[in-house]
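Required output: the full structure, derived from the provided sequences and hints.
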Amino acid sequence: MEGKEESKPREDQERESGQRIKLLQKDLSTLVTNTQIACDAKMVLQRRLRAKAQAKRLAVLENDSTSSQEKSDEILKGKSENFTNPKAISEDLQKALKKQQELYSAIIHDKKAIINDLLQALKFQDDNYASTLRKNTEEINVMIARMEDQIKLMTKVYREELAQIESRHRQEISILLTKDKEELDRELKRLWDEELERLNERKKKLEEYKREVHEIGQESNYVFNALDYERCSRILAQERQQKKNTNSNLPLKMKKHLYTEKQEVLLTTLKNIKGRINREAREIEKLKNIYIDHQKKFAKQSIALTDYTQHIEKHERIKNQVRHFAAADARRFEEVWLMIEEEVKHLAQRALAIDSVISQQLYGSPESQTDLNLLLLSSPFRPWKTRTEIVQTELQLVESPAESHVENLDTTGSTEEELVFTDSGPEWEDEKLNEEMQDELRELLCNEMDFLMEAKILKLLAPLVTEEQTGVKLGSILYTLGIDEKDLPKLTDFLVRYKDQQNELTGESHRASVTSTSLDLIHPNHVLCALKSFLEQQSFRSSSAQELSRLWLAHARDSSKDAAYWNSLGNIIPEERVKLWDSTLRTLKQYHTVLTDISELIKEQECLKKGNTGLRLKIDSMSVSVYHTSPPGGNVCFSLFLALP
Amino acid sequence: MRIIIAEDPNWSLDLVPSLSNLCQRCIADTIEDHQHLFEKLTPQLKDSIQPRLSLSLPLHVTANLVPDGVFWKRCCQQRWNICDISHYGHSWKRMFFERHLENLIELFVPEETEFKVILDVLPLCKNYIKRLNITQLLLPSRKFVKGRDDDQHEVVMLTNEEEDDMAASHFDFGIVLTELIHLEEFHLAYKIKQCGMNFEWSMFQITDRDCRALTTAFKACKTLKVLRIRQSQIDDKKCRPLLRCLMDHPSLIELDLSHNIIRDAGARSVAELLSKGQLEKLNICNNEIDIHGAKALAQALSNNSTLQYLNLRLNQVKDEGGEAIAEALQNNTTLRYLHLGGNDMTSITAVVLSKVLQKNETLKTLNLSCNNLGEIGGKALAEAMVHNSTLTECDIRQTDIDETNSASINKAIWDNQCADWDKEVQQRRKSTIYL
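First to last, the sequence lines map onto chains A and B. As numbered in this note's numbering, residues 1 to 645 make up the first sequence, in order. As numbered in this note's numbering, residues 1001 to 1435 make up the second sequence, in order.
Do not rely on the hints blindly, as some may be mistaken.
Unchecked claim - With a cut-off of at most 25 Å between alpha-carbon atoms, the simulated BS3-like pairs for lysine-lysine come out as follows:
{"#": "1", "chain 1": "A", "residue 1": "204", "chain 2": "A", "residue 2": "271"}
{"#": "2", "chain 1": "B", "residue 1": "1040", "chain 2": "A", "residue 2": "314"}
{"#": "3", "chain 1": "A", "residue 1": "56", "chain 2": "B", "residue 2": "1318"}
{"#": "4", "chain 1": "A", "residue 1": "314", "chain 2": "B", "residue 2": "1364"}
{"#": "5", "chain 1": "B", "residue 1": "1046", "chain 2": "A", "residue 2": "319"}
{"#": "6", "chain 1": "B", "residue 1": "1411", "chain 2": "A", "residue 2": "22"}
{"#": "7", "chain 1": "B", "residue 1": "1193", "chain 2": "A", "residue 2": "135"}
{"#": "8", "chain 1": "B", "residue 1": "1423", "chain 2": "A", "residue 2": "22"}
{"#": "9", "chain 1": "B", "residue 1": "1430", "chain 2": "A", "residue 2": "297"}
{"#": "10", "chain 1": "A", "residue 1": "22", "chain 2": "B", "residue 2": "1193"}
{"#": "11", "chain 1": "A", "residue 1": "52", "chain 2": "B", "residue 2": "1318"}
{"#": "12", "chain 1": "B", "residue 1": "1423", "chain 2": "A", "residue 2": "26"}
Unchecked claim - Here are some chain B residues pointing at chain A (derived, C-beta under 7 Å):
{"#": "13", "residue": "1081"}
{"#": "14", "residue": "1314"}
{"#": "15", "residue": "1341"}
{"#": "16", "residue": "1370"}
{"#": "17", "residue": "1374"}
{"#": "18", "residue": "1397"}
{"#": "19", "residue": "1398"}
Unchecked claim - Away from chain B, derived, C-beta distances all over 10 Å, residues of chain A:
{"#": "20", "residue": "69"}
{"#": "21", "residue": "181"}
{"#": "22", "residue": "209"}
{"#": "23", "residue": "243"}
{"#": "24", "residue": "266"}
{"#": "25", "residue": "440"}
Keep in mind the hints are simulated off the structure, nothing from the lab. Every residue gets a Cβ at the ideal spot worked out from N, C-alpha and C, and that includes glycine.
This is the structure:
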């Protein structure tokens, strides 16, 4: 009923919208049809005009042909007159000829006039045609523009209408769906309830019948007993018969009668039960049919959904691809990052080396090469970080104040690594002792690891019994540490063995702990270290799990520190040093120019020297020649000359 | 230490495509040589391979192998800008083949193009073509070259050639129509789209020999339902053999001979076809049918029980013909659409028609535009419309009917329309409820 009431306004609405659209369509299409009809009207007009022109033309041609026929008749008549009258005078002939010629020229003139008229009409029609063509194109253009506007308007209106109708339908469908579902649920529930009730009734009845049967059985037992007695009594009676010969058949008959009656009653009740069962089966069948109908209805609706599933499949495929690409990108990003980091580090190293060389050679200061890693910030690129690691860092923070443990940690560091975790499971010597120890260990763990839990939870737990407290605490601690509940025995085992190892290392105090009441329990202060090493081992084992998570963590990595990191890499050589380099470069350049000047001067000097030696050689040779040719006086001169320099 | 990154920056081991993908690609690449592989695929896989197929594959490979789908969509969109699939029964394949064959025929130059071109395609596309829409038919080119050489003799040449040579002109549809076993619609227009300065009347008309060829072709095509020959200058002489061969056609339903020059004799043969055939739609608008032709048509109409649509727009039926047709409507109970626009009718016809309208209960659309009906006719029609409840469209523009009458007519029409819609909506609802 409700559905009908709801659907009424919807129908009205639909009808209204349909009418509105149709009206709009009509109004809009009238424009087009108007032009069409205007065209038709024009066409009709044109036809009429054409018909008129045709008629006119025909009339003109008719006139022309009749007039020319008359004239030609006249000419022919004249001709025949002339030719039939051979005695005619030449003047007459001439006259006749003239007349004929006039007539001919008149005919020709008429014809020409008609031809001219027709030509003019043709030209006029041509112009008309061209102008109409032009007009038509203009009109067509205007029409096209108008139609485009209309199309726009129509599409807009249609879209709005469509959106409205769609939303309405969608709402209705959802409402119907939910209603149907509710109805189905209700029906099903009712069905099951009825079924359950019936079953209960049957159960009750069954019990009743059981009891009845039991009673009957008991009765029959009594009967049997009675029969027994009877047999005895029969024997006795026979004995008695022998003695008395009285009738003993009567009680036997009575008993038999009773027995058959009972049987009949039982059979009828059984029939009743059978009939009821049949009825119930029929009812179940009916309900089943209803259920199948409902199922069919839903199957129909689900068919409509298959299309969507196809789209969803497509979506899934694309999703997979995207995930795939993300993984690939992450990996490549990592590779590229590491490579670039390596390269940049290499460059920085080289810069530092060069710096040290420069300082050594130029300033003579034996400045040792600074370590790159000291200057650098730690790389912000930590590709993955799991929950256990986070916990470990937390542990580190907690440990730092307790210095004594740190020492312990250092000393035991090497042994921890050697301590191989066995998967084969703890080998217990004494189960009972073990359980106690485990409980105690648990308590210890809880007490020591309190800091991992939130204060709120601790407060909440405070009023509980200690045992419950430990249970809850242990759970939360294990969760925060990322340890599985199953690994708990392993952990305890590890703690015990850790203790043993410690004792072996330290040697002393072994005795004391053995004698102590807490058995082999680990010292509370050592729990942290032990737990940490356990976690490390665990993390090795669960590295495959990390593999997966890091893909996503790499995606969501923190990029805030990147800039600082790269900056520190870029500024590995401090600003002052760069300035120093610049100034050195400048002075070196100056020095270089001076040196080049000097080298040039040296070259010049050498040139001069060469010239000098050449001159001297010339002088030598000249002096020799002079010596040979000149008179002795000259020789003196020469020697004097030689002595001069 | 350095990590070597491949030359191709997009390469990564993670991006290796799946084997099924590779197989699909391989099948798509080698479909020409291994058609059986493609045939064995499931329909879903076929669909997924379709976007990969090369568009340059020869038609004889793809025609019967690739089912309707993305591949044909791509083919269509590559060749034509505008692809409205709704005109082709929402089948891309049908659209491709129909337009392909249409293109071939429209560019076919008789006596020059080899007929083999069409014969090759026919067996491939005969299963998919349901409609042929031929919008132009070329003529042999040599005639026009000759004509241009000696202008003075052109007229003489033309008259000579028209008798013997020209008759052999247009494309012969005989083989095409016999081959296409599913053809239902056949649209023809004997004209040339871009003749430029070579214009001649002979380019725009059907010839006697074409007529003869068509008659034999129609006899072979048994599935044809719709025939449309427009703007082809069909006159009485050519009309008669054409219609005579359609007289005992088993399936023809719709005939459209609009924009020709059919006169009374042609109209008489159309009437003959009407009385003998099973036509449901007849469109002979913009012809030159006169009083006698209209009377013949009216005679046929009064005895007909199949025709639903009759279009006589832009003829010269005049009052006598109009009266005859109106009276024929008294006996007819099938005609739903009648167009008598632009027929030189006056109020006399309107009066007769209004008498008929009061009784007729089948006519839904009536168009009387561009007739000089006048006030008397308008009044008669307005009175008739009061008693009519079936007519949902009545066009009385350009008929000189005064405003009050036209308003009352339009009001009656609007009421009928509203009643019609309500009925429709109710029917639809009923059908949905039964579903």
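Status of each hint after checking the structure:
no. : hint           : result
1   : A:204 - A:271  : holds (17 Å)
2   : B:1040 - A:314 : holds (24 Å)
3   : A:56 - B:1318  : holds (22 Å)
4   : A:314 - B:1364 : violated (50 Å)
5   : B:1046 - A:319 : holds (23 Å)
6   : B:1411 - A:22  : holds (15 Å)
7   : B:1193 - A:135 : holds (22 Å)
8   : B:1423 - A:22  : holds (15 Å)
9   : B:1430 - A:297 : holds (19 Å)
10  : A:22 - B:1193  : violated (37 Å)
11  : A:52 - B:1318  : holds (16 Å)
12  : B:1423 - A:26  : holds (19 Å)
13  : 1081           : violated (18 Å)
14  : 1314           : holds (6 Å)
15  : 1341           : holds (5 Å)
16  : 1370           : holds (5 Å)
17  : 1374           : violated (15 Å)
18  : 1397           : holds (5 Å)
19  : 1398           : holds (5 Å)
20  : 69             : holds (28 Å)
21  : 181            : holds (21 Å)
22  : 209            : holds (51 Å)
23  : 243            : holds (96 Å)
24  : 266            : holds (55 Å)
25  : 440            : holds (51 Å)
Hints 4, 10, 13 and 17, counting from the list given before, are not met by this structure.
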